[in-house]
Amino acid sequence: MVLRRSFAGILVLGSFGHAGCGPEEPARAAALAFVSDPENEHFGTVLLSGAPARRVWPTVFTVRVEGAGADAPPVLGDYLVEGDSVRFRPRFPFTAGLTYRGRFEDVEMAFTMPERDPEERPRVEAVYPSSPEVPENLLRLYVHFSHSMRAKDVPERIHLYDAEGRAVPLPFVEIEAGLWDAQGKRLTLFFHPGRVKRGVGPNLALGVPLKAGGIYRLVVDRAMKDERGYELEASFEKELRVGPPDRTSPDPSAWKLSPAGRSSPLEVELDEPLDRALLLRLIRVIRDSGAEVSGVAGASANETLFTFTPTTPWSPGTHRLLVDPEIEDLAGNKPARLFDEETGAASASPKTLELPFEIEPVYDPPPGSLF
Amino acid sequence: MRKAFLVLALALYAFSTGASTEDRGFTTGTPDIRSISALAFGPDGVLFIGDGKGGAVFAVDLNDKAPNGGNDVLTVPNLEGKIAAFLGTSKDDVMIHDMAVNPISQNVYLAVSRGRGQWDQEWLLPNDIADASVLVKIDSKGALSEVRLKEVRFGKAALPNPVSPDKKHEWKEGIALRTDTITDISYSEGTLYVAGLSNEEFAAALWRFSYPFTGEATATTLENYHGAHGQFETEAPIRTFVPYALGGKDHILAAYLCTPLVTFPLADLKDGEHVKGRTIAEFGSGNYPLDMLVYKKDGREKLLIANSDLPFLIVDPKDIEGYEGAIAEPTKTYVAGVRYEPRSGVGIQQMDLLNPETIVTIRRHPGGNLDLVSLPVKWF
Numbered sequence: 002m003v004l005r006r007s008f009a010g011i012l013v014l015g016s017f018g019h020a021g022c023g024p025e026e027p028a029r030a031a032a033l034a035f036v037s038d039p040e041n042e043h044f045g046t047v048l049l050s051g052a053p054a055r056r057v058w059p060t061v062f063t064v065r066v067e068g069a070g071a072d073a074p075p076v077l078g079d080y081l082v083e084g085d086s087v088r089f090r091p092r093f094p095f096t097a098g099l100t101y102r103g104r105f106e107d108v109e110m111a112f113t114m115p116e117r118d119p120e121e122r123p124r125v126e127a128v129y130p131s132s133p134e135v136p137e138n139l140l141r142l143y144v145h146f147s148h149s150m151r152a153k154d155v156p157e158r159i160h161l162y163d164a165e166g167r168a169v170p171l172p173f174v175e176i177e178a179g180l181w182d183a184q185g186k187r188l189t190l191f192f193h194p195g196r197v198k199r200g201v202g203p204n205l206a207l208g209v210p211l212k213a214g215g216i217y218r219l220v221v222d223r224a225m226k227d228e229r230g231y232e233l234e235a236s237f238e239k240e241l242r243v244g245p246p247d248r249t250s251p252d253p254s255a256w257k258l259s260p261a262g263r264s265s266p267l268e269v270e271l272d273e274p275l276d277r278a279l280l281l282r283l284i285r286v287i288r289d290s291g292a293e294v295s296g297v298a299g300a301s302a303n304e305t306l307f308t309f310t311p312t313t314p315w316s317p318g319t320h321r322l323l324v325d326p327e328i329e330d331l332a333g334n335k336p337a338r339l340f341d342e343e344t345g346a347a348s349a350s351p352k353t354l355e356l357p358f359e360i361e362p363v364y365d366p367p368p369g370s371l372f
Numbered sequence: 026m027r028k029a030f031l032v033l034a035l036a037l038y039a040f041s042t043g044a045s046t047e048d049r050g051f052t053t054g055t056p057d058i059r060s061i062s063a064l065a066f067g068p069d070g071v072l073f074i075g076d077g078k079g080g081a082v083f084a085v086d087l088n089d090k091a092p093n094g095g096n097d098v099l100t101v102p103n104l105e106g107k108i109a110a111f112l113g114t115s116k117d118d119v120m121i122h123d124m125a126v127n128p129i130s131q132n133v134y135l136a137v138s139r140g141r142g143q144w145d146q147e148w149l150l151p152n153d154i155a156d157a158s159v160l161v162k163i164d165s166k167g168a169l170s171e172v173r174l175k176e177v178r179f180g181k182a183a184l185p186n187p188v189s190p191d192k193k194h195e196w197k198e199g200i201a202l203r204t205d206t207i208t209d210i211s212y213s214e215g216t217l218y219v220a221g222l223s224n225e226e227f228a229a230a231l232w233r234f235s236y237p238f239t240g241e242a243t244a245t246t247l248e249n250y251h252g253a254h255g256q257f258e259t260e261a262p263i264r265t266f267v268p269y270a271l272g273g274k275d276h277i278l279a280a281y282l283c284t285p286l287v288t289f290p291l292a293d294l295k296d297g298e299h300v301k302g303r304t305i306a307e308f309g310s311g312n313y314p315l316d317m318l319v320y321k322k323d324g325r326e327k328l329l330i331a332n333s334d335l336p337f338l339i340v341d342p343k344d345i346e347g348y349e350g351a352i353a354e355p356t357k358t359y360v361a362g363v364r365y366e367p368r369s370g371v372g373i374q375q376m377d378l379l380n381p382e383t384i385v386t387i388r389r390h391p392g393g394n395l396d397l398v399s400l401p402v403k404w405f
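For the protein sequence lines, the chains are W and S, in the order given.
Counting from 2, one number per residue, gives the positions in the first sequence under our numbering.
Counting from 26, one number per residue, gives the positions in the second sequence under our numbering.
For the record, the hints were derived by calculation from the structure and aren't laboratory data.
Glycine included, every Cβ here is placed at the ideal spot set by N, Cα and C.
Any given hint could be a false lead.
Cβ-to-Cβ under 8 Å is the rule here; a few derived chain W residues that face chain S [stated by the list, open to error]: (1) Ala69; (2) Phe95; (3) Glu165; (4) Gly166; (5) Gly185; (6) Arg218.
Start from the sequences and build out the full structure, keeping to the hints where you can.
What follows is the structure, encoded as structure tokens:
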């Protein structure tokens with residue numbers, strides 16, 4: 002249970018005379034209070050409790066920007082009746098640093114919103130695959146945010162539209178809290194596997210979510226909030242141009258390895274774009290001795306180039322790139338098995354693939370040498 | 026008595042047409058408008074909303090058909106402050122994207138957004154900065170209210186091939202061309218005209234939708250000579266335009282940034298074609314023409330243009346009809362082509378006819394306030 006933090010400014014209580022009330026009925030007192038969002042002090046509503054009767058609320062219960070002038074209209078918002086209380090929710094969040102005055106008949110209350118740093122708004126930093134060209138049987142999209150996000154309402158905030166602007170129905174596996182990494186900064190959108198996989202029920206009933214030749218838009222609503230409650234600085238869009246389905250497995254034996262100098266990264270030109278998250282996680286480098294080389298994995302060129310930058314300079318000698326058989330291309334095809342291959346056809350036990358490469362000795366001139 | 030009869034007739038007309046939206050293919054619901062980029066009124070108090078981000082146009086029955094046949098003026102001092110108070114914020118955080126007057130009721134409608142924080146370059150327009158999401162109505166007393174676009178009767182038509190959200194503006198840093206998908210809309214005699222950017226190789230486009238929407242639209246890409254830039258351009262969208270008959274033939278009169286005035290014969294604007302317009306005037310570089318209207322004074326029609334960096338410009342259509350040349354070389358002086366007459370009035374951000382005798386404007390005054398101000402037509 003989250004404790005509701007409520008912040009009240011100057012609170013004035015007023016009471017009402019009720020003509021015709023019997024002596025047994027106590028006089029009700031109306032009160033106004035600013036109630037901040039339980040999760041974020043920068044958002045909130047104004048609550049009128051002890052509301053006497055049904056009214057045309059916008060005309061009798063108003064919230065105004067202090068100092069806006071007597072002829073300025075009250076703040077636009079919705080009036081939500083909750084029992085004998087009425088809650089005013091502004092259409093746009095109250096602005097940091099401004100003072101507002103709530104009024105209901107002779108009851109008044111003022112509150113000031115705390116200041117905040119507007120630079121801190123979260124944003125979408127990247128979407129993978131990076132390339133707008135994707136196969137019809139694309140399996141996942143990754144959305145990377147600058148801040149840890151609130152894991153909530155993901156299906157309502159992420160949309161896929163076709164070229165006519167129609168929302169593609171149920172494109173992703175619907176998980177209300179979303180598939181987030183531990184930090185809450187990377188969201189995985191899983192195209193409904195039942196629709197991508199050929200010949201199973203959802204595929205036959207709804208068809209594939211993306212159709213070859215189509216142009217789609219992935220839209221992340223500005224209304225997505227980070228864990229502090231800040232909305233995105235802008236909504237985000239990415240175009241997806243859909244090509245034919247990818248029904249071939251990635252082939253690590255066709256990768257081109259180009260080891261460079263002592264501290265520069267190993268570059269691996271892949272035979273096709275791979276799933277970025279798996280690419281960064283499922284490739285390791287070991288020395289001939291079997292000792293693992295520590296380093297930082299990277300992906301670029303629309304996930305067709307893998308780089309491995311060692312933490313300390315390379316040691317000369319034979320190294321091996323170990324590729325986990327679970328690595329996948331954009332359509333979920335693994336080196337030894339297609340995503341939607343008949344189960345019987347799967348090879349018995351896929352093994353880790355090893356790609357050897359040499360680090361050449363580098364001539365280090367002795368200190369003081371003219372060369 | 027005659028006036029009373031006229032009012033009654035108008036009321037009956039409004040009543041009779043009120044039901045007729047049933048026949049226009051309208052449905053009741055919440056239109057999925059992503060940005061209220063441009064506004065224009067059609068027949069019977071139907072408001073057209075151009076949604077640039079959504080790449081569509083909407084016709085919304087506002088149920089605002091009580092006729093106002095008067096010629097009153099309307100003034101709202103500190104309009105920006107009032108909109109800010111209405112949206113619960115300060116003056117520096119609101120923008121007005123477009124304005125249109127309902128010719129039946131004379132109520133003024135504004136497309137409004139909250140959030141000017143992204144304004145970081147001189148030449149950005151409101152649609153570059155934010156998506157307007159609130160439709161504000163100003164009545165004849167100057168009172169503001171919201172028109173909620175929920176559970177309304179509306180029709181929708183999608184733009185064929187609007188500019189891709191991926192394309193970036195050439196010189197507005199970080200701005201997507203999508204913000205100029207719809208720059209202006211105008212209705213005339215059964216047709217809704219939509220100016221903006223398509224996803225074609227030559228992006229500048231004019232779409233025509235027959236109204237009531239039948240699902241059919243024609244799309245023409247446009248090209249014209251910009252004297253101030255010394256070149257033909259196909260990427261710059263029309264900023265403001267009016268459909269207008271010149272010499273008895275229907276034309277589009279369009280103004281562009283830096284400020285050529287161009288005519289396109291309507292007969293040339295065929296679907297799928299690329300059309301070169303005739304540049305007939307140059308009003309000067311470094312200026313956005315923001316709004317254009319036709320008013321009638323002493324029985325003669327005149328074209329009035331409001332600008333970001335110039336005063337009002339008045340152009341006589343007779344001068345356009347009498348001009349046979351076409352500007353196709355760099356202008357040697359600041360202006361060229363058809364003559365115009367200036368009128369005092371800078372800082373005019375929005376403009377429309379309130380009634381036959383009054384032009385309503387939204388104007389930034391030297392003191393800093395943004396006011397809604399009426400100007401008598403006879404003054405022009």
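Checklist entry - Of the hints stated earlier, which fail here? => result The structure breaks only hint 5.
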